[in-house]
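2 protein chains.
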Amino acid sequence: MTAVTSKPNEPRGARRKRETRSRLLKAAMTLMAVRGKDSVSINELTDAADVGFGSFYNHFKSKDDIYNALMAEVFNEFGIAIEEANKVNDDPADIISFAVQCVLLRSKVNPLWGQFLLRTAFSVETIVGGMGQYMLKDLERGVSEKRFVVSDPLMSFVSVGSTVMGAISIQHNLASQSEIVTALAEHAGYNVTNIPQRTAATVLQILGINEEEANVIASKPLLDVDFVALP
Amino acid sequence: MTAVTSKPNEPRGARRKRETRSRLLKAAMTLMAVRGKDSVSINELTDAADVGFGSFYNHFKSKDDIYNALMAEVFNEFGIAIEEANKVNDDPADIISFAVQCVLLRSKVNPLWGQFLLRTAFSVETIVGGMGQYMLKDLERGVSEKRFVVSDPLMSFVSVGSTVMGAISIQHNLASQSEIVTALAEHAGYNVTNIPQRTAATVLQILGINEEEANVIASKPLLDVDFVALP
Numbered sequence: 005m006t007a008v009t010s011k012p013n014e015p016r017g018a019r020r021k022r023e024t025r026s027r028l029l030k031a032a033m034t035l036m037a038v039r040g041k042d043s044v045s046i047n048e049l050t051d052a053a054d055v056g057f058g059s060f061y062n063h064f065k066s067k068d069d070i071y072n073a074l075m076a077e078v079f080n081e082f083g084i085a086i087e088e089a090n091k092v093n094d095d096p097a098d099i100i101s102f103a104v105q106c107v108l109l110r111s112k113v114n115p116l117w118g119q120f121l122l123r124t125a126f127s128v129e130t131i132v133g134g135m136g137q138y139m140l141k142d143l144e145r146g147v148s149e150k151r152f153v154v155s156d157p158l159m160s161f162v163s164v165g166s167t168v169m170g171a172i173s174i175q176h177n178l179a180s181q182s183e184i185v186t187a188l189a190e191h192a193g194y195n196v197t198n199i200p201q202r203t204a205a206t207v208l209q210i211l212g213i214n215e216e217e218a219n220v221i222a223s224k225p226l227l228d229v230d231f232v233a234l235p
Numbered sequence: 005m006t007a008v009t010s011k012p013n014e015p016r017g018a019r020r021k022r023e024t025r026s027r028l029l030k031a032a033m034t035l036m037a038v039r040g041k042d043s044v045s046i047n048e049l050t051d052a053a054d055v056g057f058g059s060f061y062n063h064f065k066s067k068d069d070i071y072n073a074l075m076a077e078v079f080n081e082f083g084i085a086i087e088e089a090n091k092v093n094d095d096p097a098d099i100i101s102f103a104v105q106c107v108l109l110r111s112k113v114n115p116l117w118g119q120f121l122l123r124t125a126f127s128v129e130t131i132v133g134g135m136g137q138y139m140l141k142d143l144e145r146g147v148s149e150k151r152f153v154v155s156d157p158l159m160s161f162v163s164v165g166s167t168v169m170g171a172i173s174i175q176h177n178l179a180s181q182s183e184i185v186t187a188l189a190e191h192a193g194y195n196v197t198n199i200p201q202r203t204a205a206t207v208l209q210i211l212g213i214n215e216e217e218a219n220v221i222a223s224k225p226l227l228d229v230d231f232v233a234l235p
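Here the protein sequences come in this chain order: U and W. When you read off a place in the first sequence, starting at 1, and then add 4, the result is the number in our numbering. When you read off a place in the second sequence, starting at 1, and then add 4, the result is the number in our numbering.
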């Protein structure tokens with residue numbers, strides 16, 4: 005979520021307007037992550053944001069409008085930030101490994117962010133206009149450069165995206181429900197630590213990189229990114 | 005959904021009771037698949053099922069109770085039916101390939117079923133008590149018999165389950181939204197036919213089976229199962 009900080013010489017009205025907008029976006033993220041876009045009313049959004057019902061329309065035209073703003077501001081900004089950090093990498097395998105771990109780490113720090121992402125997975129907006137476009141671009145470059153060897157690119161990309169989503173879900177369950185930790189751990193002595201790195205290694209193998217190299221790439225030290233401050 | 009058919013010599017009262025229960029389950033599936041369990045009230049369930057509010061409690065104790073009944077009756081029965089059909093197979097790869105294709109084909113025939121499954125993916129109930137348990141059993145047998153070669157079983161299982169869920173989601177979007185078909189197809193000339201078979205081939209490769217063999221297994225003729233009549 006965009007932080008609301010003072011800007012020098014900003015008129016009080018403009019600052020308040022930004023604050024209201026930010027509170028509405030935060031309320032939308034919280035309510036829509038838990039209950040889905042369709043089950044949340046504008047009235048509930050303004051109540052949760054503690055702003056008047058009418059104020060909503062000073063910022064957004066409709067529920068779809070605030071939802072799209074959330075997708076654009078939160079996830080697109082995250083995608084851009086990760087792409088920016090990733091500029092030091094040239095190898096698509098390094099780029100994908102880092103991006104996958106960022107998504108998992110960000111979901112760990114901000115579980116609502118992860119839940120919202122899970123809800124929007126595989127939507128047209130995510131694939132074409134949202135965070136999916138960044139991953140898709142690097143996946144396709146990796147395939148065209150023959151760094152990734154996949155026989156069915158569409159299904160491999162579905163599998164990569166799904167694995168990241170499944171990992172977010174498992175990580176979230178591990179953090180919030182002792183029941184599933186016990187169930188999984190007892191089931192076959194599964195090790196449930198270090199999910200971000202293991203997800204990256206799994207994704208690289210789906211992309212045709214052998215186990216040994218996938219583990220080497222996935223265990224490289226991560227670029228320094230502040231996951232709390234990220235959009 | 006369990007079909008309501010006449011049973012010989014069944015008293016009219018018992019038959020009506022079964023019909024009411026079946027209508028409530030059908031309404032719960034429809035509403036919960038679209039909006040999630042938490043956003044649906046018992047009142048809405050009885051309205052949608054066209055039964056009196058009080059009747060609900062002749063059949064179920066609570067919203068959780070009808071939800072659990074749905075999980076047990078619909079998904080567990082499906083799991084059992086697939087397991088039964090799969091008895092002619094001994095190779096875990098054949099079993100997984102068939103089960104994956106059944107899930108995709110069933111989701112195609114009954115999109116609400118698929119949507120409900122997507123909602124419950126990675127829940128404790130699904131992994132421990134629902135359909136996940138059947139797949140997990142075959143995955144683990146495949147690993148212990150060294151038919152499947154995976155370095156990180158937990159992550160491979162997450163990846164397999166997620167890939168099936170992602171494929172359901174993509175298949176659903178392909179069927180219902182021409183927009184995403186256009187976007188995907190135009191993006192890189194992706195072929196979007198035959199998703200069930202391609203999902204099975206992708207899953208087998210995640211489990212360490214080489215591309216050629218995975219395609220051979222996934223393209224075996226399917227056992228004769230009536231996906232419309234299945235629970």
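These aren't lab readings, by the way, just hints derived from the structure by calculation. Treat the hints with care, as some may be off.
If chains are identical, the list can't say which one is meant, so a pair holds when it fits in one copy or spans any two.
[What the hints assert, rightly or not] Straight-line distance between alpha carbons at most 30 Å, and here's what the computed BS3-like set of lysine-lysine pairs gives: (1) 150 <-> 65; (2) 21 <-> 141; (3) 21 <-> 91; (4) 224 <-> 67; (5) 65 <-> 224; (6) 112 <-> 65; (7) 67 <-> 41; (8) 30 <-> 150; (9) 224 <-> 21; (10) 141 <-> 91; (11) 41 <-> 65; (12) 224 <-> 141.
We went through each hint and held it up to the structure:
1. 150 <-> 65: neither (45 Å within a copy, 57 Å between copies)
2. 21 <-> 141: Neither way: residue 21 and residue 141 sit 36 Å apart in one copy and 56 Å across, limit 30 Å.
3. 21 <-> 91: neither (35 Å within a copy, 65 Å between copies)
4. 224 <-> 67: For residue 224 and residue 67, neither the intra-copy (42 Å) nor the inter-copy (47 Å) Cα distance is at most 30 Å.
5. 65 <-> 224: neither (45 Å within a copy, 53 Å between copies)
6. 112 <-> 65: For residue 112 and residue 65, neither the intra-copy (32 Å) nor the inter-copy (36 Å) Cα distance is at most 30 Å.
7. 67 <-> 41: both (8 Å within a copy, 22 Å between copies)
8. 30 <-> 150: This pair counts as neither: shortest intra-copy Cα distance 42 Å, inter-copy 49 Å.
9. 224 <-> 21: neither (43 Å within a copy, 62 Å between copies)
10. 141 <-> 91: within (14 Å within a copy, 43 Å between copies)
11. 41 <-> 65: both (15 Å within a copy, 29 Å between copies)
12. 224 <-> 141: within (22 Å within a copy, 34 Å between copies)
Checked against the numbered hints listed earlier, the structure breaks hints 1, 2, 3, 4, 5, 6, 8, 9; every other hint is satisfied.
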